[in-house]
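Whole structure, please, built from the sequences with the hints as guidance.
Those protein sequences? They're chains A and B, same order as listed. Quick note on numbering: this note's numbering labels position 51 of the first sequence as 174, and the sequence is numbered without any gaps. Quick note on numbering: this note's numbering labels position 16 of the second sequence as 139, and the sequence is numbered without any gaps.
Some hints here could point you the wrong way.
Pairs involving identical chains hold if they fit within one copy or between any two copies, as the list cannot separate such chains.
Stated by the list, open to error - Below 25 Å or equal to it, Euclidean Cα-Cα: the simulated SDA-like pairs (lysine to any residue) are:
(1) K258 x R161
(2) K245 x S313
(3) K177 x G272
(4) K244 x W280
(5) K244 x R310
(6) K248 x L274
(7) K248 x A175
(8) K245 x A341
(9) K228 x Y270
(10) K244 x V321
(11) K177 x E346
(12) K177 x A165
(13) K245 x G272
(14) K248 x D269
(15) K228 x P174
(16) K265 x L170
(17) K258 x A213
(18) K315 x E200
(19) K245 x P130
(20) K228 x H202
(21) K258 x A165
(22) K151 x P212
Since the hints were derived computationally from the structure, they do not count as laboratory data. Remember, it's a predicted structure, so these values are computed and weren't measured experimentally.
2 protein chains.
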Amino acid sequence: MNTPSTPRLYHIPLSPYCRKVRLVLGEKRIDVELVEERWWEAGSEILRRNPAGKIPVLRMDGRLWSESQAIVEYLDETHPNPALMPDTPAGRHEVRRLCAWFDDKFNEEVTRPILSERVWKKVMKAGYPDSRLVKSGLRAVKEHIDYLGSLLDERKWLAGNALTLADFTAAAHLSCLDYISDVDWDRSNSLKDWYATVKSRPAFRSVLADQVSGLAPAPHYAELDF
Amino acid sequence: MNTPSTPRLYHIPLSPYCRKVRLVLGEKRIDVELVEERWWEAGSEILRRNPAGKIPVLRMDGRLWSESQAIVEYLDETHPNPALMPDTPAGRHEVRRLCAWFDDKFNEEVTRPILSERVWKKVMKAGYPDSRLVKSGLRAVKEHIDYLGSLLDERKWLAGNALTLADFTAAAHLSCLDYISDVDWDRSNSLKDWYATVKSRPAFRSVLADQVSGLAPAPHYAELDF
Chain A
124 MNTPSTPRLY HIPLSPYCRK VRLVLGEKRI DVELVEERWW EAGSEILRRN PAGKIPVLRM
184 DGRLWSESQA IVEYLDETHP NPALMPDTPA GRHEVRRLCA WFDDKFNEEV TRPILSERVW
244 KKVMKAGYPD SRLVKSGLRA VKEHIDYLGS LLDERKWLAG NALTLADFTA AAHLSCLDYI
304 SDVDWDRSNS LKDWYATVKS RPAFRSVLAD QVSGLAPAPH YAELDF
Chain B
124 MNTPSTPRLY HIPLSPYCRK VRLVLGEKRI DVELVEERWW EAGSEILRRN PAGKIPVLRM
184 DGRLWSESQA IVEYLDETHP NPALMPDTPA GRHEVRRLCA WFDDKFNEEV TRPILSERVW
244 KKVMKAGYPD SRLVKSGLRA VKEHIDYLGS LLDERKWLAG NALTLADFTA AAHLSCLDYI
304 SDVDWDRSNS LKDWYATVKS RPAFRSVLAD QVSGLAPAPH YAELDF
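Next comes the structure, spelled out in structure tokens:
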């Protein structure tokens with residue numbers, strides 16, 4: 124017996140995986156209560172209930188849902204308006220390829236090394252940043268910007284001519300880096316234009332309002348005309 | 124102008140991601156030509172053509188396809204017989220959650236540390252195994268076996284009552300470890316029974332015939348009654 128209630132998302136502000144789910148919930152106009160889960164500070168009840176021990180965890184439709192890509196595909200299937208997946212198998216493959224690009228490759232080469240050194244060590248009081256990791260992330264982000272720019276020179280959105288889960292996955296990662304000013308937007312005009320468009324969607328408002336205590340966002344972070 | 128031709132999979136034998144695609148191709152009775160891509164030995168033409176620089180890469184329907192999860196979802200959508208995804212959004216979420224469990228968490232904690240130290244360093248002539256990494260992988264695999272066993276105590280297949288992509292993803296990782304005898308099957312009877320059932324499917328034949336030069340498989344590796 125489950126009574127309908129407002130969905131609740133257990134998250135932390137600068138996690139690209141949490142942001143991806145927040146952006147998709149926002150785009151589909153699903154109201155959600157955000158609960159910050161600082162799992163490193165005390166025993167986390169919600170992490171004990173996700174065997175993978177990870178956030179985001181979404182409480183919705185009477186259940187707990189985990190794994191960000193599996194969650195956003197579920198949301199897209201159950202709330203198809205607006206659709207964030209193309210209607211052909213090849214189109215869906217391209218979206219999933221790009222989601223994996225960000226969640227695996229970009230995360231391993233860029234998001235994780237930069238955020239873990241510049242943000243998480245500070246927030247979790249876990250020592251000083253390792254500058255080699257930061258530099259390696261900053262080197263890698265340039266190649267990624269060039270690749271994404273080359274896609275966007277030929278496409279309106281990342282995976283083709285419609286806004287999809289791939290755009291929100293990419294924006295989730297890039298917006299975390301942009302909070303600490305680690306994206307050189309001048310390197311690709313087409314990427315910069317795309318990001319300005321994504322950033323101006325209503326779904327982005329909550330993400331742009333994030334404040335991590337002790338770590339102010341870069342001055343341009345919340346500006347729509349940056 | 125593309126003429127229909129036999130699909131070709133660029134792969135290496137002990138990669139769980141390549142095996143996952145091979146198993147799904149096999150289950151759907153799609154003939155495929157396997158091309159071993161020892162990308163570390165010489166310039167690899169096919170890796171240059173996948174911007175992510177990874178295998179597997181599948182040449183099929185006149186195009187190149189990359190990212191194993193995106194590929195198997197594409198195969199399931201375009202070759203729906205037999206279906207390897209459930210017909211409800213919640214059922215599909217569970218399959219995708221478990222695929223991510225293996226491809227992210229299990230890979231990071233188990234498959235990658237063990238295979239990189241015990242297999243890839245040897246095959247690529249890249250030094251001696253780091254025993255700390257191997258031990259950490261062998262410790263982690265026990266917890267995973269317990270979790271999977273607890274799922275299979277209540278379900279016929281990993282994600283529910285039907286064979287899905289989750290079973291082949293799990294079997295892809297476990298079979299790589301089983302080649303070098305690093306799975307303690309006696310720890311869970313339900314996991315052992317499940318693996319025996321998956322292993323006996325025709326799709327598994329090509330995987331059980333794999334031979335990595337200089338590295339003989341464990342004696343029970345190809346036995347269906349192990």
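Original post:
From the Cα coordinates, with 25 Å as the cut-off, is the pair K228 and P174 best called within, between, both, or neither?
Top reply: both (24 Å within a copy, 11 Å between copies)
Original post:
What label fits K151 with P212 when the C-alpha limit is 25 Å: within, between, both, or neither?
Top reply: Both: 22 Å inside a chain and 16 Å across chains, each within 25 Å.
Original post:
Are the CA atoms of K177 and E346 at most 25 Å apart within a copy, between copies, both, or neither?
Top reply: Neither, since 31 Å and 37 Å both go past 25 Å.
**OP:** Tell me, please, which holds for K258 and A213 at an alpha-carbon limit of 25 Å: within, between, both or neither?
**Re:** neither (36 Å within a copy, 41 Å between copies)
Subject >> Within, between, both or neither, where K245 and S313 count as close if Cα-Cα is 25 Å or less >> reply: neither (33 Å within a copy, 44 Å between copies)
Subject >> 25 Å Cα threshold - placement of A341 relative to K245 >> reply: within (16 Å within a copy, 46 Å between copies)
**OP:** Tell me, please, which holds for K245 and G272 at an alpha-carbon limit of 25 Å: within, between, both or neither?
**Re:** Classified as neither; 32 Å inside a copy, 39 Å across copies.
Original post:
Under a CA distance limit of 25 Å, which applies to K244 and R310: within one copy, between copies, both, or neither?
Top reply: neither (28 Å within a copy, 38 Å between copies)
**OP:** Check K248 against A175 for me: Cα-Cα at most 25 Å, and say if that holds within a copy, between copies, both or neither.
**Re:** within (24 Å within a copy, 34 Å between copies)
Subject >> 25 Å Cα threshold - placement of G272 relative to K177 >> reply: Answer is between: at 21 Å across copies they meet the 25 Å cutoff, but 31 Å inside does not.
Subject >> Homo-oligomer pair classification [E200, K315; C-alpha up to 25 Å] >> reply: The answer is neither: 30 Å in one copy and 34 Å across copies each exceed 25 Å.
Original post:
What label fits K248 with L274 when the C-alpha limit is 25 Å: within, between, both, or neither?
Top reply: neither (39 Å within a copy, 37 Å between copies)
Violated hints for the displayed structure, listed by number in ascending order: 1, 2, 4, 5, 6, 10, 11, 13, 14, 17, 18, 19, 20, 21.
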